[in-house]
Structure formats: C-alpha cells, structure tokens
Amino acid sequence: MEFEPATLTGLVSHYSPSGSEGAAVEWLVSRFNALGYTQFKKDSAGNAVGIMGSGPRQIILLGHIDTVPGEIPVHVVENVLYGRGTVDAKAALSCFVDAVARTGILEGWQLVVIGAVEEERDSDGARYIANQYRPDYAIIGEPNRWDRIGLGYKGSAWVNLTMRKAQFHSAQADKSACESAVNLWVKAKQFGEEYNSSRPKMFDQLHLTLQEMESGTEGFEQWARLRIGARLPVDIPPQKWFEILSGIAAGSKVELRGYPIPAWTCEKNTAVVRALLSAIRRAGGTPSFVYKSGTADLNIVAPSWGCPAAVYGPGDSSLDHTPNECIDLGEYRKAVECLADALMTLCKNG
1 MEFEPATLTG LVSHYSPSGS EGAAVEWLVS RFNALGYTQF KKDSAGNAVG
51 IMGSGPRQII LLGHIDTVPG EIPVHVVENV LYGRGTVDAK AALSCFVDAV
101 ARTGILEGWQ LVVIGAVEEE RDSDGARYIA NQYRPDYAII GEPNRWDRIG
151 LGYKGSAWVN LTMRKAQFHS AQADKSACES AVNLWVKAKQ FGEEYNSSRP
201 KMFDQLHLTL QEMESGTEGF EQWARLRIGA RLPVDIPPQK WFEILSGIAA
251 GSKVELRGYP IPAWTCEKNT AVVRALLSAI RRAGGTPSFV YKSGTADLNI
301 VAPSWGCPAA VYGPGDSSLD HTPNECIDLG EYRKAVECLA DALMTLCKNG
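In my numbering, the protein residues as written are 1 to 350.
Just so you know, these hints were derived from the structure itself, not from any lab.
Nothing here was measured: the structure is a model prediction, and the numbers come from that model.
You may find that some hints are simply not true.
As the list claims (entries may be wrong) - With a cut-off of at most 30 Å between alpha-carbon atoms, the simulated BS3-like pairs for lysine-lysine come out as follows: (1) K165 / K240; (2) K41 / K187; (3) K165 / K175; (4) K189 / K175; (5) K292 / K189; (6) K165 / K253; (7) K187 / K201; (8) K201 / K268; (9) K189 / K165; (10) K187 / K175; (11) K175 / K253; (12) K201 / K240.
Generate the whole structure from the sequences, applying the supplied hints.
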C-alpha cells in the first residue's frame with residue numbers, strides 16, 4: 001500500500017497563502033489534539049502550537065504554515081503528492097508534527113511544534129515567538145532533502161532607491177531621472193560582481209535583484225524609483241549594505257523597506273546536529289550539510305534564542321514557489337523516521 005500521510009495531505013489541502021492562514025492553523029490545532037499532544041492552541045500571533053510533554057527542558061521545532069500564492073490542485077500520482085506547500089514548507093512542518101507524535105512524551109522534555117504565520121512576508125509569527133521561548137535546542141523546518149542538514153541561510157534587505165532631477169527639455173543633452181536610476185543599478189551590480197569574484201561559494205556572495213521600477217513627474221521635477229533586493233552574506237550585515245549602497249547612490253534617496261535580516265550560520269558540532277547525522281546514517285543515508293542562498297525563520301529566532309540549532313525537512317527546494325510543487329511520499333516517510341530517531345537520541349543524550 002502506498003504511503004499517504006494524513007497530516008501532510010490535510011495541511012496541504014488547506015490553502016494558506018501569507019495573510020490567509022486561519023483555516024490551516026485551526027486544522028493543525030485540531031490535528032495536534034487528534035494525535036495526542038499534551039497541549040494545543042493558536043497563540044496571540046496566529047501561530048499553531050502543539051506541545052508534547054511537560055519536562056523542564058525544551059526543544060522547539062519551528063515550521064511555517066503559510067505559502068506563496070498560487071493554488072495547486074492537491075492530488076497523488078505514483079506516490080508523489082502535488083499541492084502548494086508540499087515543499088515550502090508544509091512537508092517539513094508536517095514531518096515535525098508526525099515525528100513528535102511518534103516519539104510521544106519523553107521524560108524530562110517538552111517538545112514544542114510551531115506552525116508559524118507570515119514567513120513568506122515579514123515573519124510575523126517567528127518574530128513573536130522569538131521573545132516567548134528560551135529552548136535548549138531548536139530545529140527549523142525548510143526543504144533540504146531527508147538526508148541533508150541545513151546550517152546557514154543568507155540575510156536579506158529590500159531597498160527603495162529614488163533619483164530626482166529638475167525637468168528639462170528632451171532636446172537637451174542631459175540624462176533623465178530614469179536613465180540616472182538605471183546607471184545606479186548598473187553600478188550596484190558591478191559592485192556585486194567585483195565582490196563575488198573572489199568568493200566561489202554562493203553562500204558567501206552578494207546577490208542583487210531589481211524587483212520594481214517606477215517613474216513620474218511632480219511639478220518641475222521628474223523622479224525614478226528602483227526597488228532593489230539583496231541576499232546578504234555573513235560579512236555584509238544589512239546596515240553595512242545600506243551604507244555601501246548609499247555611497248554608490250550618492251545624491252539619491254535610499255530607504256530600507258520592511259525588516260532587514262542578517263545572515264546566520266549554525267554551529268556544526270552540537271548535540272542537535274550529531275543526533276540528526278546519526279539518525280540519517282541509521283536510516284541508510286549519507287548525510288551532508290547545506291548552506292542556502294535564501295532567508296528563513298532561522299535568521300529570526302536563532303540570534304534571540306542563542307541555543308544549538310539546525311534546519312531539517314524533506315523536499316526538493318528547486319520546486320519552491322513553482323507550479324510543479326510536489327514531494328515524494330517515500331522521502332517524507334523517511335524524514336519522519338529520521339527526525340523521530342534524532343529527537344529520541346537528543347532527549348536521551350542532550
């Protein structure tokens with residue numbers, strides 16, 4: 001009989017783009033109840049929280065319940081489940097839910113599974129819990145395949161750059177605000193290329209994208225605005241990038257948008273990483289580590305909690321946000337087994 005886990009299919013069946021997670025949260029809270037969790041609730045930020053056990057030590061397993069927009073019909077073909085969120089990142093969250101249900105209560109420990117809201121936007125759910133808990137260990141749910149452990153995610157910053165110029169007749173040999181703004185973008189890209197030239201690893205590079213362009217006139221002035229996104233390496237925190245871009249765009253207005261997030265890397269030699277490595281090996285896998293070019297809730301909570309952490313979850317991240325998002329259910333089952341094994345090892349030896 002093919003494997004079709006109820007937690008994953010149920011959660012994926014509740015479409016939950018950022019800002020519309022309510023039904024999925026309510027379903028997950030009821031799922032915690034059905035699986036025998038000790039406590040289950042929706043917290044003040046709208047996150048789904050399930051707690052197994054009541055010991056003095058605590059492990060938090062943090063996944064996100066929101067997805068990007070774009071509903072995909074939920075269906076299974078040859079043991080592959082299709083649907084929005086099957087990869088990013090309801091498979092990881094469901095894996096947490098099922099693994100903790102499998103371990104049950106572990107003496108001396110409290111296992112907390114959280115389905116956080118708004119990760120795909122400003123991480124409101126993670127920002128809330130960062131100040132609510134102080135765990136001994138943390139595992140963050142993102143798709144990295146069942147036999148890989150994530151140890152680092154890049155930072156991010158979004159900037160509006162606005163160029164203003166006095167109006168002039170188009171017959172004059174002068175650059176328009178739009179042309180000047182484009183020239184600034186070219187300079188920023190050149191800076192990134194030069195910075196990356198001596199850094200072969202993607203995780204160590206600065207990646208820039210031009211997200212939006214708009215222009216207009218106001219009275220005797222013309223203006224052009226660029227929205228520039230940056231994926232930041234560890235050695236360029238957001239404030240440093242803001243200063244660099246302000247220098248490149250001298251004379252233009254540079255505004256940070258949203259919440260800039262520094263990059264974060266986890267320590268490799270910790271009890272939580274060792275437990276995951278051992279579990280993957282016992283399941284017949286050859287474990288490896290991965291450092292990702294995206295940004296995750298890891299970047300929000302890890303600096304606040306200051307505890308050993310790692311990122312784990314099944315799924316092929318190249319399918320993130322695509323119309324073909326899907327996961328092999330055999331891989332999902334393997335991830336649940338590995339995580340349950342790792343949690344039992346961690347609670348025994350940690």
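Each hint tested on the structure:
1. Distance check on the hinted pair: K165 and K240 sit about 27 Å apart at the alpha-carbon level, within 30 Å; holds.
2. Only pairs whose Cα atoms come within 30 Å are accepted, and K41 paired with K187 is rejected, the gap being roughly 50 Å.
3. Using a Cα cut-off of 30 Å, the hinted pair K165 and K175 holds, with the two alpha carbons roughly 9 Å apart.
4. Our distance criterion of 30 Å between C-alpha atoms is met by K189 and K175, whose separation comes to about 20 Å.
5. Distance check on the hinted pair: K292 and K189 sit about 21 Å apart at the alpha-carbon level, within 30 Å; holds.
6. The straight-line distance between the Cα atoms of K165 and K253 is roughly 12 Å, inside the 30 Å bound, and the hint therefore holds.
7. Of the pairs offered as hints, the one joining K187 and K201 holds, with about 22 Å between alpha carbons and a cut-off of 30 Å not exceeded.
8. Between the alpha carbons of K201 and K268 the distance comes to roughly 18 Å, so the proposed pair stays at or under 30 Å and holds.
9. Note on K189 and K165: the hinted pairing holds, with a Cα-Cα distance of about 23 Å set against a maximum of 30 Å.
10. At roughly 16 Å between alpha-carbon atoms, K187 and K175 fall within 30 Å of each other, so this suggested pair holds.
11. Pair hint K175 plus K253 holds up; C-alpha atoms about 18 Å apart against a cutoff of 30 Å.
12. A threshold of 30 Å between alpha carbons decides the hint, and for K201 with K240 the separation of about 21 Å falls inside it, so the pair holds.
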